[in-house]
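Novice: For reference, the chains in residue letters:
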Amino acid sequence: MNKFVRAEGLVAPLDRANVDTDLIIPKQFLKSIKRTGFGVNLFDELRYLDEGQPGQDVTHRPINPDFVLNQPRYQGASVLLARRNFGCGSSREHAPWALEDFGFRVVIAPSFADIFYNNAFKNGLLLVPLPEETVDRLFAEVEASEGYRLDVDLEHQRVITPSGEILEFEVDAFRKHCLLEGLDDIGITLKDEDAIRAFEEKHRVARPWLFRDSAPA
Amino acid sequence: MAGQTLYDKLWSQHLVKERDDGTALIYIDRQLLHEVTSPQAFEGLRLAGRAPWRLDANLATPDHNVPTTVKERAEGNAGIKDPVSLIQVQTLDDNCVEFGIEEFKINDPRQGIVHVVGPEQGATLPGMTVVCGDSHTATHGAFAALAHGIGTSEVEHVLATQCLLAQKMKNMQVRVEGSLGTGVTAKDVVLAIIGRIGTAGGTGYAIEFAGSAIEELSMEGRMTVCNMAIEAGARVGLIAVDDTTIDYLRDRHYAPTAEQWDAAVADWRDLVSDADAAFDTVVTLDAAEIEPQVSWGTSPEMVTGISGEVPDPAEAADETMQRGYTRALEYMGLSARQKITDIRLDKVFIGSCTNSRIEDLREAAKVARGKKVADSIKLAMIVPGSGLVKRQAEAEGLDRVFTEAGFEWREPGCSMCLAMNADKLGAGEHCASTSNRNFEGRQGFGGRTHLVSPAMAAAAAIAGHFVDVRSVDVRRVDASSDAQEA
Ligand code: SF4
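Those sequence lines, one after another, are chains A and B. Heads up: the first sequence at position 58 corresponds to 58 in our numbering, and the numbers run straight through without jumps. Heads up: the second sequence at position 145 corresponds to 145 in our numbering, and the numbers run straight through without jumps.
In case anyone wonders, no lab produced these hints; they're calculated from the structure. Among the clues, some could well be false.
[To be verified] Not everything, but these chain A residues come out facing chain B in the computed CB check (under 10 Å):
| hint | residue |
| --- | --- |
| 1 | Asn123 |
| 2 | Asp172 |
| 3 | Asp185 |
| 4 | Ile186 |
| 5 | Glu193 |
| 6 | Ala195 |
[Said to hold, decoys possible] Below, in silico cross-link-like pairs of lysine-lysine (DSS-like), each with a Cα-Cα straight-line distance of 27 Å or less:
| hint | chain 1 | residue 1 | chain 2 | residue 2 |
| --- | --- | --- | --- | --- |
| 7 | B | Lys168 | A | Lys3 |
| 8 | A | Lys176 | A | Lys191 |
| 9 | B | Lys71 | B | Lys105 |
| 10 | B | Lys372 | B | Lys339 |
| 11 | B | Lys17 | A | Lys176 |
| 12 | B | Lys9 | A | Lys202 |
| 13 | B | Lys105 | B | Lys81 |
| 14 | B | Lys17 | B | Lys170 |
| 15 | B | Lys366 | B | Lys339 |
| 16 | B | Lys170 | A | Lys176 |
| 17 | A | Lys176 | A | Lys3 |
| 18 | B | Lys168 | A | Lys191 |
| 19 | B | Lys71 | B | Lys81 |
| 20 | A | Lys202 | B | Lys168 |
| 21 | B | Lys9 | B | Lys170 |
| 22 | B | Lys9 | B | Lys168 |
| 23 | A | Lys176 | B | Lys168 |
| 24 | B | Lys17 | A | Lys191 |
| 25 | B | Lys71 | B | Lys378 |
| 26 | A | Lys3 | B | Lys17 |
| 27 | B | Lys339 | B | Lys371 |
| 28 | A | Lys34 | A | Lys3 |
| 29 | B | Lys105 | A | Lys34 |
| 30 | A | Lys202 | B | Lys17 |
| 31 | B | Lys168 | B | Lys17 |
| 32 | A | Lys34 | B | Lys81 |
| 33 | A | Lys202 | A | Lys191 |
| 34 | B | Lys378 | B | Lys339 |
| 35 | B | Lys372 | B | Lys71 |
| 36 | B | Lys378 | B | Lys81 |
| 37 | B | Lys366 | B | Lys378 |
| 38 | A | Lys3 | A | Lys191 |
Just so you know, these numbers come straight off a predicted model, no measurement behind them. Backbone N, C-alpha and C define an ideal beta-carbon position, used for all residues, glycine too.
My request is simple: use the sequences and hints to build the entire structure.
Specialist: Next up, the structure:
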């Protein structure tokens, strides 16, 4: 997994609540059997004026000039500022893959949907929940000053604004540890192989019908 | 000490290990796999040189990309015209062979939408933990199974370790008390719940649905309710075990038999929340107040009763919501205060893991019998949830009821629920859909989805616009068409 320790970068504001994973990466791109290459189709329906197709050369597609990520001042953004319930909808991990592939390292929002939250952390994308009022204020600041950047420090769980203000955020200890070290979950879990085997044997004795190979002949 | 909730019981029955930091390893009894979210997981196993932990816990079927016309399906995988979709389905087939996982292939009669197939085969049982790389895995909670939708990295994790890393959720109970009115179905119940608590209302919770109206639902209806727990923000939806659950499972293919069945049933009887269990949140709805629901916007919480109207954004609770409403009306091509019954439709889709089971098709057929789809409707399609649902419907003559009325009768799959195959909406088209998501572009670029029950969708197909299915005298139509046939 990608490591995440600290990231400092340009902020792009996406002023919309309940951004769903269909919006982040539309279904036609889910046909890929790879984990990479989704960035050019991130927010496809908002970013382009036509309907995108997988594998297509996007350089000739008509761009929606009104969409925030197409505005010159937000080029190269690596921090996405968003509204509540970001990432709701489907379990597609293609959503964090697309955000990362595009260049985002951090998403800041008042709240995130559960499955998206898990998926993001498995891929080294840091999600920072901040109170609604704070997010409101950040939106105002980003819009007011071109080139607005934030410094996001996972180790100390804080976001530092250009004026030096410190905004603390919550992240659970296990996820933080995995992100800081770039650890692979599966490797960690397999260290508990004996505990899993022991549980499995007990479970099989107690409820044999849960194991198809334990069915009576 | 307070008693345990159903969720607490399922959690503790599967807890392998709890870590100091609050995360836990929980054992997974069943993993369902489909072609969209599994290829990268299998690839991950290959790259790391890992084998699946336990083969018999897995079951696979392709559903999202499969074509639904009879002609294309007859050709098997070769009938998938989109080469990218074909590779995805082929990759699932190849992975299942390589790793030794049981798969119901494209033309196996048992193939279908994973969330229809699992319960239908008895592969979903009470007291199980069930996962699938698909958010609608919540469906299986209707059997008092702890069912999580997971991402692809987690699919790989479960394949490799038979465990999921999880954190215990909070408990929410949603009680629906009283009896539902005639013409009001499980779909209306769950849409009304989402309308009440919002699409983030259940975030961080496992929701248990309870109350007399839930108890009265069939297993099909309960699956419809749990299916959409995720649209209320909850990864997990649950309903306690009762006779309805047990009767449904008897003689299902993977269900236990003989003395194992008796032992299992005895065990399952305890899969209910204790009378003194404490929930973090309880929400109560009065069943009698629920009308047939129609969504008007681009989020499932943007929903109202059939007698209602499209809201005025000016009346939204806060500014963020107001902007959301304004944007939704613009996308949907609707105006504030427009009556729901004035929304004209272009297409009708009856299907998806929410509403493609036999009972759903019966409900739609009751409304469609002896009637004709309105001329203004360009396409009205019925997509059964599995090959076995299709066979059952055909045995009951429902396919003829639909085709005589002008509906297309299709082969099983996800179809226009998310339009990964060729079935989709054109830009600007309004669709009455029995699926679960009305997000922008979900059913096709620029398409406009209205979520409804199967009966409401059928009634809308016939009228060409939304109508209150309670005003359509279904029983009389039934009687007269039976009389004609006699
Ligand atoms: S029917 Fe729709 S919601 Fe259900 S699994 Fe298929 S695509 Fe997902």
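Novice: If a hint holds in the structure, say so; if it does not, say that too.
Specialist: Each hint tested on the structure:
no.	hint	in the structure
1	Asn123	7 Å, holds
2	Asp172	6 Å, holds
3	Asp185	6 Å, holds
4	Ile186	5 Å, holds
5	Glu193	8 Å, holds
6	Ala195	5 Å, holds
7	Lys168(B) with Lys3(A)	26 Å, holds
8	Lys176(A) with Lys191(A)	19 Å, holds
9	Lys71(B) with Lys105(B)	17 Å, holds
10	Lys372(B) with Lys339(B)	24 Å, holds
11	Lys17(B) with Lys176(A)	19 Å, holds
12	Lys9(B) with Lys202(A)	16 Å, holds
13	Lys105(B) with Lys81(B)	17 Å, holds
14	Lys17(B) with Lys170(B)	19 Å, holds
15	Lys366(B) with Lys339(B)	26 Å, holds
16	Lys170(B) with Lys176(A)	22 Å, holds
17	Lys176(A) with Lys3(A)	10 Å, holds
18	Lys168(B) with Lys191(A)	21 Å, holds
19	Lys71(B) with Lys81(B)	12 Å, holds
20	Lys202(A) with Lys168(B)	22 Å, holds
21	Lys9(B) with Lys170(B)	13 Å, holds
22	Lys9(B) with Lys168(B)	12 Å, holds
23	Lys176(A) with Lys168(B)	18 Å, holds
24	Lys17(B) with Lys191(A)	12 Å, holds
25	Lys71(B) with Lys378(B)	20 Å, holds
26	Lys3(A) with Lys17(B)	26 Å, holds
27	Lys339(B) with Lys371(B)	25 Å, holds
28	Lys34(A) with Lys3(A)	20 Å, holds
29	Lys105(B) with Lys34(A)	22 Å, holds
30	Lys202(A) with Lys17(B)	14 Å, holds
31	Lys168(B) with Lys17(B)	12 Å, holds
32	Lys34(A) with Lys81(B)	20 Å, holds
33	Lys202(A) with Lys191(A)	19 Å, holds
34	Lys378(B) with Lys339(B)	22 Å, holds
35	Lys372(B) with Lys71(B)	25 Å, holds
36	Lys378(B) with Lys81(B)	23 Å, holds
37	Lys366(B) with Lys378(B)	22 Å, holds
38	Lys3(A) with Lys191(A)	21 Å, holds
Comparing the model with each numbered hint stated earlier shows that all of them hold.
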